[in-house]
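Participant: Spelled out from the first residue to the last, the chains are:
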Amino acid sequence: IAGITQAPTSQILAAGRRMTLRCTQDMRHNAMYWYRQDLGLGLRLIHYSNTAGTTGKGEVPDGYSVSRANTDDFPLTLASAVPSQTSVYFCASSDSRGADEQFFGPGTRLTVL
Amino acid sequence: GQNIDQPTEMTATEGAIVQINCTYQTSGFNGLFWYQQHAGEAPTFLSYNVLDGLEEKGRFSSFLSRSKGYSYLLLKELQMKDSASYLCAVVSNDYKLSFGAGTTVTVRA
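For the record, the sequence lines run as chains A and B. The opening position of the first sequence corresponds to residue 146 in this note's numbering, with each subsequent residue numbered one higher. The opening position of the second sequence corresponds to residue 25 in this note's numbering, with each subsequent residue numbered one higher.
Please note that a few of the clues may not be correct.
Partial selection, computed: residues in chain A whose CB lies under 10 Å from chain B [claimed, not checked]: (1) Ile149; (2) Gly198; (3) Gly208; (4) Tyr209.
Calculated Cβ distances over 12 Å to all of chain B for the following chain A residues [as the list claims (entries may be wrong)]: (5) Gln151; (6) Asp171; (7) Gln182; (8) Ser212; (9) Ser239; (10) Leu258.
In short, the hints are calculated from the structure, not lab data. Backbone N, C-alpha and C define an ideal beta-carbon position, used for all residues, glycine too.
From just these sequences and the hints, can you work out the full model?
Facilitator: Here is the structure:
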């Protein structure tokens with residue numbers, strides 16, 4: 146079944162640790178995105194990629210990095226996790242950046258203690 | 025910056041109609057999306073408006089007025105499975121998607 150997957154489903158992490166959230170899509174979409182969702186704040190864009198080999202900063206990029214080595218994968222790395230990064234993280238993809246419908250992965254619930 | 029406002033919560037009875045309003049002030053405009061998100065799940069696409077007017081899709085309709093910075097999502101013949109959060113999102117000039125905080129709709133029997 147075509148779609149977008151994320152791993153892990155959930156994670157509890159000690160502050161200061163490094164963590165990579167994985168995201169893979171098999172729809173051959175050009176654009177991919179990482180959002181965090183916090184109660185009362187809605188979804189906020191962390192980083193995006195228009196196409197393989199390019200990345201850009203979203204609304205809340207500090208403390209996060211991404212890479213886009215190929216079309217399918219878009220990992221999000223927290224170099225040194227802090228408690229304020231406790232959130233639900235969603236990866237999404239769309240055929241192109243812009244006004245195309247975004248398809249969302251199931252999310253990763255991350256708790257930083 | 026982007027400013028997207030929608031009510032926090034709404035409650036309605038099964039079979040009724042509910043209208044969720046969304047107002048926005050953004051850096052340019054390239055369309056407005058509505059997404060549905062059930063608790064603990066990913067958002068899923070409902071509608072996209074880029075021109076003024078009403079788009080109807082089954083029990084759901086979405087309206088846009090660009091001059092007023094306003095949209096609404098209309099849910100008709102409410103069913104229990106419609107209990108969810110509804111997210112308004114605007115595509116700005118740089119083609120980034122900005123989301124409102126979402127409206128939680130509770131459908132009561």
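Participant: Does each hint hold? Answer for all of them.
Facilitator: Hints, one by one, checked against the model:
Hint status for A/Ile149: holds, given a least beta-carbon distance of 9 Å to chain B, under 10 Å. Using the Cβ-Cβ criterion of 10 Å, the hint placing A/Gly198 at the interface with chain B is not satisfied: the shortest such distance is roughly 18 Å. Proximity of A/Gly208 to chain B is violated relative to the hint, the smallest CB-CB distance being about 19 Å (cut-off 10 Å). Checking A/Tyr209 against chain B by beta carbon gives a least distance of about 16 Å; that is not within 10 Å, so the hint is violated.
The beta carbon of A/Gln151 sits about 9 Å from the closest Cβ of chain B, which is not more than 12 Å, so the claim that it is off the interface is violated. A/Asp171, annotated as away from the interface, keeps every beta carbon of chain B farther than 12 Å; the closest lies near 16 Å. Its beta-carbon lying about 9 Å from the closest one in chain B, A/Gln182 breaks the requirement of being farther than 12 Å from that chain. With a least CB separation of 20 Å from chain B, A/Ser212 remains clear of the 12 Å interface cut-off, as annotated.
Non-interface status of A/Ser239 relative to chain B is broken: a Cβ of that chain comes within 12 Å, the nearest being about 9 Å off. Every CB of chain B lies more than 12 Å from the CB of A/Leu258, the least distance being 21 Å, so the non-interface label holds.
Violation of the numbered hints given earlier is confined to hints 2, 3, 4, 5, 7 and 9; the remaining hints are satisfied by the structure.
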